[in-house]
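Take the given structure of chain E and dock chain D to it, following the hints.
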Amino acid sequence: MERFIVVDYNAGNLTSVLNAFEHIGANVKASRDPSEIAEADRLVFPGVGAARSAMETLEKTGIGKAIVEVVNRKRPVLGICIGCQIILNSSEENGGVDTLGLIDGKAVRFQNEAGIKIPHMGWNQVELLKLHPLFEGIPNNSDFYFVHSFHPAKIREENALSKTTYGSQTFTSAVCKENLVATQFHLEKSGDVGLRVLKNFSTWSGK
Amino acid sequence: MLTKRLIICLDVRNRKVTKGVKFKGNIDVGDPVELGAKYSAEGVDELVFYDITASAENRPCDLEMVKDIAKNVFIPFSVGGGIRSLDDMHQVLLAGAEKVSVNSLAVLHPEIIEQGAKAFGNQCVVLGMDAKRVGVSEKIPSGYEIYIKGGRAASGLDAVEWAKKAESLGAGEICLNAMDTDGVRDGYELEITDKVAKAVGIPVIASGGAGKPCHIADLFAKTSADAALVASMVHFGDYTVAQIKDEMSKANIPVRKIV
Numbered sequence: 001m002e003r004f005i006v007v008d009y010n011a012g013n014l015t016s017v018l019n020a021f022e023h024i025g026a027n028v029k030a031s032r033d034p035s036e037i038a039e040a041d042r043l044v045f046p047g048v049g050a051a052r053s054a055m056e057t058l059e060k061t062g063i064g065k066a067i068v069e070v071v072n073r074k075r076p077v078l079g080i081c082i083g084c085q086i087i088l089n090s091s092e093e094n095g096g097v098d099t100l101g102l103i104d105g106k107a108v109r110f111q112n113e114a115g116i117k118i119p120h121m122g123w124n125q126v127e128l129l130k131l132h133p134l135f136e137g138i139p140n141n142s143d144f145y146f147v148h149s150f151h152p153a154k155i156r157e158e159n160a161l162s163k164t165t166y167g168s169q170t171f172t173s174a175v176c177k178e179n180l181v182a183t184q185f186h187l188e189k190s191g192d193v194g195l196r197v198l199k200n201f202s203t204w205s206g207k
Numbered sequence: 001m002l003t004k005r006l007i008i009c010l011d012v013r014n015r016k017v018t019k020g021v022k023f024k025g026n027i028d029v030g031d032p033v034e035l036g037a038k039y040s041a042e043g044v045d046e047l048v049f050y051d052i053t054a055s056a057e058n059r060p061c062d063l064e065m066v067k068d069i070a071k072n073v074f075i076p077f078s079v080g081g082g083i084r085s086l087d088d089m090h091q092v093l094l095a096g097a098e099k100v101s102v103n104s105l106a107v108l109h110p111e112i113i114e115q116g117a118k119a120f121g122n123q124c125v126v127l128g129m130d131a132k133r134v135g136v137s138e139k140i141p142s143g144y145e146i147y148i149k150g151g152r153a154a155s156g157l158d159a160v161e162w163a164k165k166a167e168s169l170g171a172g173e174i175c176l177n178a179m180d181t182d183g184v185r186d187g188y189e190l191e192i193t194d195k196v197a198k199a200v201g202i203p204v205i206a207s208g209g210a211g212k213p214c215h216i217a218d219l220f221a222k223t224s225a226d227a228a229l230v231a232s233m234v235h236f237g238d239y240t241v242a243q244i245k246d247e248m249s250k251a252n253i254p255v256r257k258i259v
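In the order they appear, the protein sequences are chains E and D. When we follow full-length UniProt numbering, the leftmost residue of the first sequence carries the number 1, and every step to the right adds one. When we follow full-length UniProt numbering, the leftmost residue of the second sequence carries the number 1, and every step to the right adds one.
With the rest of the complex left out, here is chain D:
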């Protein structure tokens, strides 16, 4: 049976892993290469690295960091942040990442999803989306709007419509970050996660809000999400990968066994 994936997200700024609340007030928590290797050894199923200042600083993703991660991490990992072109995607994959995550770029230039999927395969292209609760309106029927540029700018796109469009363009996976619950550690935003997961036929990773292992069990019990992304709850030492997986097992969620 395919297991539900536990993914750890490492936001990287100036080559340090950092974590904030609702995209603000970031605290540095360690070296991305060391932390990636540590989490990998502890049995996490996948890692996500975001170069969170690359876009704002208008520079490419830190490829040397990606190469260092790839030499030390032997589980799948994706990289996002600072992807501006098909060539940038190619460079990230050549550096050793399995998948490339596009977010703002895909909103501004949706054709990048199609080009990336054609060139490297659908499974390589992850659509990252930051969704903010704005209330249901004619323009935003799901009640969740897509924000870009690290949560700084509204895009006018509806979260569910955008997810469907990205799938039709060839995205292989969607990482849905609920901005209202990001870093709050009070549980995932179940409503929008389930709406998106049911609207598309590609895997959906829920992100934003995990604070306790029970939040992850709750996510899989109540939504069709395929994977749970966590950050704060492991970065600040509150829980280990083993503790989270243990809770998932107890809730009868199929998990990858740690050998």
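Isolated chain E (complex conformation):
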């Protein structure tokens, strides 16, 4: 049987992610064992909170290395929220922290702006920049649920999967590179469209 693993690194919304996969009939297992994670055939790493503390946990436990291993083995890997930030080269959060460096770019904070509140919290439109198997069946500009203060920036064009506008600021809201995809928005909390993306991921070959 396929080893479909959701990484458990004390980063918040694990229950929601597991419930969403159970709802769509995907057989997933939560794990915090780096050797088990490294052998995953399909991997999700969710997360809310801060990039620095997430990275500290990933380094201390060896889970970060395990995630990189699964990505390098070309298995399908999905990051959500903080999972979309720690795959970049660095994050500005808490004075700056080096992250996994799987996709070029950095996580930066929204600029303060009259009329917008930070964190960016609520439903916002996701404009797809290219066709991708994960977004099959999703109407362009569908609304997804966001909760974050930092967002991906300086993403190469070939890695930018979607963009979203908050106030006057347009940012990359999903990134992709070969078998790795990550969304800043919470797929597990985005109603039917989110469940559809998770379903698509559960059967995606990674190509």
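Read the hints as simulated data drawn from the structure, not as lab findings. Accuracy of the hints is not assured; some may be wrong.
Stated by the list, open to error - Pairs of lysine-lysine residues, derived as DSSO-like cross-links and limited to a Cα-Cα distance of at most 27 Å, are as follows:
| hint | chain 1 | residue 1 | chain 2 | residue 2 |
| --- | --- | --- | --- | --- |
| 1 | E | K29 | D | K71 |
| 2 | E | K163 | D | K257 |
| 3 | D | K118 | E | K60 |
| 4 | D | K257 | E | K199 |
Relative to the frame of chain E, chain D by itself:
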């Protein structure tokens, strides 16, 4: 563009959703898990569950109910009622809620906001506040006083001052319930809602008084509120989520499209 959120509030007593007028005369309207899933499927943007008798009965929030909701609801939801400690907050989040709402506890022990925000992130901590019109005075400059224990006890706190303090302690959002208009279905209390929404830099959810879709359109046209909370108008079958969102769209309010 970030959409304005439509939130349905489910007050729960003995595991049944119930609704009263000005916090009294409650009628049971259904099962919280079934109703949560139904509203979620209909396209509401967020749900709020309050275990309204937990505090009075001095028992923790019904965690089994939270777990059941989380298995059936795939949009954000917050839970309040019966939160007595940081550990209670943690248990609610572990059970699958995105956010925890604190009300009386935060008034009596404001440090819980700070502790919760540090432990779980600001976005997890919602300050619920019940504000009652008492007239402007030196002690209550906004004219609205905070009540606790399910609207049974005055706290002596001014609504706007308390909102600002809660923000500075780390609250990620404020749910402002106007007690005078709660369940009356004659429109939101726009004055205090706008005062609070303009005084803080975190999202403010307006609650208390929605009876018709035009009340929601009015709220967003006349105040800086970020979200509208409704209960009676959907629980008693007067309006559907689609009808409300349709009216919001017609009033040029950005809303999440229902696919």
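Please list, smallest to largest, the hint numbers that this structure does not respect.
none
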